[in-house]
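Q: Residue numbers (the UniProt record's numbering), protein chains in the order written: chain A, 1 to 120; chain B, 1 to 174.
Honestly, the hints are just simulated from the structure, not real lab data. Built from N, CA and C at the ideal position, the CB exists for glycine as well. Wrong hints could be hidden among the right ones.
Facing chain B, from chain A, some residues (calculated, C-beta under 7 Å) [stated by the list, open to error]: (1) 9; (2) 10; (3) 11; (4) 12; (5) 83; (6) 85; (7) 86; (8) 88; (9) 104.
Away from chain B, derived, C-beta distances all over 10 Å, residues of chain A [unchecked claim]: (10) 41; (11) 42; (12) 50; (13) 64; (14) 67; (15) 70; (16) 97.
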Amino acid sequence: MKILIADDSRVMRQIVIRTLRQAGYDDHDIVEAEDGADALAKVGSENPDLVLSDWNMPNMTGIECLQALRASGSAVPFGFVTSEGSPEMREKAANAGAMFLIAKPFNEDTFKEHLDGVIA
Amino acid sequence: MTSTDTGQRRRSSDARPVIPDLIDEATILSIVEEAWVALVGEDEVLVPLAGDLPVDILSSWVDVVGPWTGSVVLTTGRDTAEELSRALLGEAAPEVLEHEDVEDAFGEIANVVGGNVKAALPGPSGLSLPQVGNAPVVRNPADVCRVDVVWRGEPVSISVQGALPPLPVSSPTH
Chain A
1 MKILIADDSR
11 VMRQIVIRTL
21 RQAGYDDHDI
31 VEAEDGADAL
41 AKVGSENPDL
51 VLSDWNMPNM
61 TGIECLQALR
71 ASGSAVPFGF
81 VTSEGSPEMR
91 EKAANAGAMF
101 LIAKPFNEDT
111 FKEHLDGVIA
Chain B
1 MTSTDTGQRR
11 RSSDARPVIP
21 DLIDEATILS
31 IVEEAWVALV
41 GEDEVLVPLA
51 GDLPVDILSS
61 WVDVVGPWTG
71 SVVLTTGRDT
81 AEELSRALLG
91 EAAPEVLEHE
101 DVEDAFGEIA
111 NVVGGNVKAA
121 LPGPSGLSLP
131 QVGNAPVVRN
141 PADVCRVDVV
151 WRGEPVSISV
161 QGALPPLPVS
171 SPTH
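Turn these sequences into a full structure, and let the hints steer you where they fit.
A: As structure tokens, then:
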């Protein structure tokens, strides 16, 4: 399957990719996006099976990207990987249609906990 | 003998909380240690010890805006910031680091630490994107909670500091 990773930090995108590999999800196509607007465009052009997105990004935030996707009729599975895991943000994410929110810092166990069943 | 009221004492009538009322050093240290293990490496040890920062320092920080407003600032030697960036990049680290690699990696540590500090504070509040450079100045010495650690023999300070000046001292009415 194809996984789109959206984060304005290149380092964090690499850490997410590394953690996916450590969690055993190492046989998938990875597409990177550097902010929410780039992610929105690449959901259209790349047709990923899952989006893993940061929340706080320039140009378009992760939650704005998710809202734009749902408003456009896209039902692509979407999860947040963000440094902010407060109950308010988890509620906001769930209300917007996110499947999960993984708070940074994370490890491969956190990924397995949230992604088992989501990633085939 | 006279004493000067610097306005640093906290009063129950203060409308604005200062950071020592909201979070303690142990909580900050625990957040930093967790971030270090996940981002820098599983075997990376932080020793809670104050050390003298070198002359050439670099800071990364994020701003928190809400019931408490301020910054979560990491400061260390420029060389240590580069070493940290290499550790985060792992095998993807280039032979020669660009400044933007350091900005990205060192800023991301501040982002993760800051996001978790924010989650421990009363909300709702917003978090800025990380910045790297010269740290914001301390506006109110009573509104600072600082933790000093040593990583690979080099000092790193983590300062959670208010962005607002002290409230005026109320004078007794007669």
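Q: Now look at each hint and say whether the structure bears it out.
A: Structure-based check of all given hints:
no.	hint	result
1	9	holds (5 Å)
2	10	holds (6 Å)
3	11	holds (5 Å)
4	12	holds (5 Å)
5	83	holds (3 Å)
6	85	holds (6 Å)
7	86	holds (5 Å)
8	88	holds (6 Å)
9	104	holds (5 Å)
10	41	holds (20 Å)
11	42	holds (20 Å)
12	50	holds (21 Å)
13	64	holds (14 Å)
14	67	holds (17 Å)
15	70	holds (22 Å)
16	97	holds (21 Å)
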